[in-house]
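**Student:** One line per chain: the protein sequences are A and B, in this order.
One point on numbering: in full-length UniProt numbering, the residue at position 351 of the first sequence is 351, and numbering is uninterrupted.
One point on numbering: in full-length UniProt numbering, the residue at position 18 of the second sequence is 18, and numbering is uninterrupted.
Since the hints were derived computationally from the structure, they do not count as laboratory data.
Backbone N, C-alpha and C fix where the C-beta goes; we use that ideal spot for every residue, glycine too.
Mixed in with the good hints there might be a few duds.
Partial list, derived from the structure: chain B residues whose beta carbon lies under 10 angstroms from chain A [unchecked claim]:
1) VAL8
2) ARG79
3) ALA480
So the derived list for chain A, only partly shown, Cβ under 10 angstroms to chain B, looks like this [claimed, not checked]:
4) PRO562
5) VAL563
6) GLU566
Number of protein chains: 2
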Amino acid sequence: MRRSIATVSLSGTLEEKLGAAAQAGFDGVEIFENDLIGSALPPREVRALTESLGLTIDLYQPFRDFEGVNEARLERNLRRAEAKFALMVELGVDVMLVCSSVSADSTGEDARSAAQLHRLAEAAAPFGVRIAYEALAWGRWVDDYRHAWRIARLADHPGLGVCLDSFHILSRGHDPAGIRDIPGDRIFFLQLADAPLMPMDVLHWSRHHRCFPGQGAFDLTEFTGHVLAAGYTGPLSLEVFNDVFRASDPGRTAADALRSLAVLEDEVGRARDLEGTKAPPLRDAVELTRLPSPTRARGYAFVEVAAPGHSVQRVRGALAALGFSHTRDHRSKPVQLWRNGDAHVLLNATDPQLGHTWSDEAAVTALGVEVADAGKAMRRAERLLAPKLPRRRDPAESVLHAVAAPDGTSVFFCPSDPAEGEDWLADFSSPAQGSGGTDGVPLTGIDHVGLFQPFDHFDEASLFYRSVLGLDPDDGTELAAPDGLVRSRALSRGGASPRIALNASLLGRGPGRDARGGSQHVAFGCEDVFAVARSMRRGGIEPLRIPDNYYADLACRTDLEPVTIEHMREHGILYDRAGDGEFLHFYTPMLDGRLFLEVVQRKGGYRGYGAANSPFRMAAQRAEASR
Amino acid sequence: MRRSIATVSLSGTLEEKLGAAAQAGFDGVEIFENDLIGSALPPREVRALTESLGLTIDLYQPFRDFEGVNEARLERNLRRAEAKFALMVELGVDVMLVCSSVSADSTGEDARSAAQLHRLAEAAAPFGVRIAYEALAWGRWVDDYRHAWRIARLADHPGLGVCLDSFHILSRGHDPAGIRDIPGDRIFFLQLADAPLMPMDVLHWSRHHRCFPGQGAFDLTEFTGHVLAAGYTGPLSLEVFNDVFRASDPGRTAADALRSLAVLEDEVGRARDLEGTKAPPLRDAVELTRLPSPTRARGYAFVEVAAPGHSVQRVRGALAALGFSHTRDHRSKPVQLWRNGDAHVLLNATDPQLGHTWSDEAAVTALGVEVADAGKAMRRAERLLAPKLPRRRDPAESVLHAVAAPDGTSVFFCPSDPAEGEDWLADFSSPAQGSGGTDGVPLTGIDHVGLFQPFDHFDEASLFYRSVLGLDPDDGTELAAPDGLVRSRALSRGGASPRIALNASLLGRGPGRDARGGSQHVAFGCEDVFAVARSMRRGGIEPLRIPDNYYADLACRTDLEPVTIEHMREHGILYDRAGDGEFLHFYTPMLDGRLFLEVVQRKGGYRGYGAANSPFRMAAQRAEASR
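Looking at chain A on its own, in the form it has when it is part of the complex (with noise of 0.2 angstroms):
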């Protein structure tokens, strides 16, 4: 299918969003009038412009307050109208988004606002333009789409037309199913965004928090199933209106929109092969675009750590401490393999200079995950719009398979059977004669990484990490830090690892606090979490120090025996419990600037990640950091 974006959804000037648009490889645009009129370009040269980028103009959004108003006002109004339809003629664009009326002079009887809408679809018609009648979801008369077509119907023009909003339709919690009713020829535009559920009054919630599909809670699958099934056949185009996406950088924004459609294509297609022959036929024009299917990742087949010369030692020590050894060396580069249990960290001496701005201290920057098809992974990834890495970045370098994740990370894909000829661990020389704690307690694996983002592209990572390794998104939350807010999602296979926890300043404070103030950390899983907490510090390490305050707190909420709290305290061991399921985890001290690791044992089913500890845990590391 085509694949559109409203101009608003990305920052710039329209010469700037159209180019964004076109690089990041749309077919099409909706010109937002304020773009437009905020434009030196008179309108034959947008029209010039779009067509030298390989873009249509697909539609020209929005004409507002037009129905329901006396004779007086009709004329005025249209009059206005057919300015704009001039003006469209000359973008070349034939649809045109008219909305819903909201002004508190219009009145609400649908055979004067049809009539109305009657008369301008046939004041359109010289212009070869039709309408595109929408319902907003706090339209003062209209305010869901059934009603928009029951009034389109009656006007019975065939140049009117609705335009379905799935926000609008969303949010109300209208039932999509009805689109199915509709003939797909008068679905004349389809505009999509997703949306957080967010407590809020819908407009204000609108304006500000729509997002791309897949980023938000609305199953944006099922209502293009419902669109497509009706037989309407033009673009997927997005219309969102976002604080951030409108301050970010627009190349970047497109390519994360234009991802967030390869996705939701692909998943419509999919949910049509699970429907088989009860699924009603697509109109001819359309078909669907498809990735090559997910290879969910199945766990982390390595993390690696990279850690710049003053750092390397403290890091060493404290996977040491954890009873980690050093097993293997890389054949050519300067990197280690340390292991213990399933959990294998590769740690990389050289400087963590590519992709990461925070080139001077020691960072998580690399994860290997486990998929069955490596090369089918990658060609999904690269279908994602993912960058695929350079070989040189490779610190295993039979892996031929990496792509850089939003946040610089570079994430590579690994066979779970070596036999498929890509064994990562090949690239690693005999055991060592392993430096390290081989008496340690062993650790059953990686239990999730906590990468924290740049403030921009939050829900780029998540919707990179959700569609590129085929996880799960929670519906996150939100964490009191010290120093503010924290926004926090986190993403897993099902609930079980390869776990990724994303975190990031709920407000914006610049690239240099977002790399700086936020940490990121590996957390290792176990089934004694007092076992390890002991090896670790025989091994020389203490814990993160947690305050005395916290567990006098936990003893008078809970029911565990003062003797454990009196344990969980000498170590550090902070505790959560959901339903049947608790949580025990400690911490390393900060090793490099932002860089911990984490011990983490679940009991019950517990799937969280103790988000309830995590501003006792940032307090701990801001003293720490102060002494």
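Based on the hints, put chain B in the right spot on chain A.
**Tutor:** Okay, now just chain B, sitting in the frame of chain A:
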């Protein structure tokens, strides 16, 4: 009255919060429980620290989900409470805030809740602790302060009273006059928070968007008056959950907070004065601290523009083209007085390094405002924690009274009557053999000044200008700039000058972007905008170019004559209308990085600033910058 602040209102560690509160001059604090739990300081040390800082701890908060539970849960809740009472003894605090339950497990019979709260108060008594029961606006059963008071009265225990929180009461639209029906000695605590009117769920609104009194839309003067009339004698305490304050420098936030209480207390006193003998007497313990009465700014005496060497010629040229004449020179500094009618601009050719981060660009560095009594205005400003400026910063040395605004702009109080002995003009020599356009069209004065604010300090600046200059803030708006939304609020003397338009990036983009990305301007009033525009062009300055598309749109949405629109187009004049009022305005090009000038003509009582045109002005400036 005593003044307190909840630790949750400030950023940082507990020690930093306490230090900031003490430094600003607060008398006490509310300890927010998570701040204590996250602190390495044991309760006794927290007590010792507060004592050493001269602070009392006035409230421990919050205790949640206590009442309306079954017997087993009640016992657990009492056990939990007793542990907190013991902690409170160590802290030296004798009032605990208990919020109305939000638990799905609770039941809503008043008699049962009252009996359980009676037991809680009974359990608290041996510890010397009293219970302040508060109706949360989103409480499951109790969401109205009158209901909380009914339950407290039913419970009938001397150790049980209510806590009143202005946000919980005013956000729900509950009439605060009913507070007078509560005996003052049963109001155990008063929490104050303001908020802008926002169309969202009250919980979300409360957790993210509270602000200090005078920064939002609630009438806290009336509210506090009711509480004092009831006989309350405790502290005025601020409990403000705000995303920005959580992430800002706590010392600065605390000063902003204390300023808000000083203004509030003063306004409560003035409201009582107005009521005269009808005002109910205050309890003996209450003394309202008063400020010197506001000396409302009457207009602009001058605006100072500092221009570094590379741009001073360009600024001069623009002033000359706008009909300003260089009429005087400062006796000892490189400062020129430029004048057109009642508009005075001081052009300072020294580098504007002080107080500003944009030292290498031209900037508005000072506002001279006319007041009836400069000495009194200064005393009031100092009581409002406005930093007094050192003499060396005064371009007009005769003016003794100057303070720094939160954004670094200097504010000079200039007596309306120079007979007072502080005639700033006296610092300037007799008329120079003036350069500049003596044939210029007269301007009527300085219409407004536009100042870009650091993101963190927008509300602070608004309160500062309101309270120090006696201006009235409007409701504010949001403007769509090409690189993101801009928050805007104007202050004026009842719609007249001195008007100040404050702007800030809606999302903080770091100090670099705040300082660079936002512009400053000085707008001059006139009675014939076309004449001034023609004159400027004759003077060799082309106006900011507004796209033809703007005028095409203007033609179809207004009844303006085509010839008028053509003249507007020719001179880059923008148009707005509100009711019978009309606004015509144009801009100079950017004179240096971020400074430009504007000329406006108001007709028919138009009171706005042409906000609808701001997106097009900003787009045009963006286009200009990229040419």
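**Student:** Hints first: check each against the structure and report whether it holds.
**Tutor:** Going through the hints against the structure:
Contact between VAL8/B and chain A, as hinted, is supported at the beta carbon level, the nearest pair being about 8 angstroms apart and thus within 10 angstroms. About 7 angstroms separates the beta-carbon of ARG79/B from the nearest beta-carbon of chain A, less than 10 angstroms, and the hint is met. For the restraint placing ALA480/B at the interface with chain A, the shortest Cβ-Cβ distance is roughly 7 angstroms, inside the 10 angstroms limit, so the hint holds. Taking 10 angstroms as the C-beta cut-off, the interface hint given for PRO562/A is violated, the closest approach to chain B being about 12 angstroms.
Using the Cβ-Cβ criterion of 10 angstroms, the hint placing VAL563/A at the interface with chain B is not satisfied: the shortest such distance is roughly 18 angstroms. The criterion of a C-beta within 10 angstroms of any C-beta in chain B is not met by GLU566/A, whose closest approach is roughly 16 angstroms, and the hint is violated.
Of the hints listed earlier, those the structure fails to meet are numbers 4, 5 and 6, in rising order.
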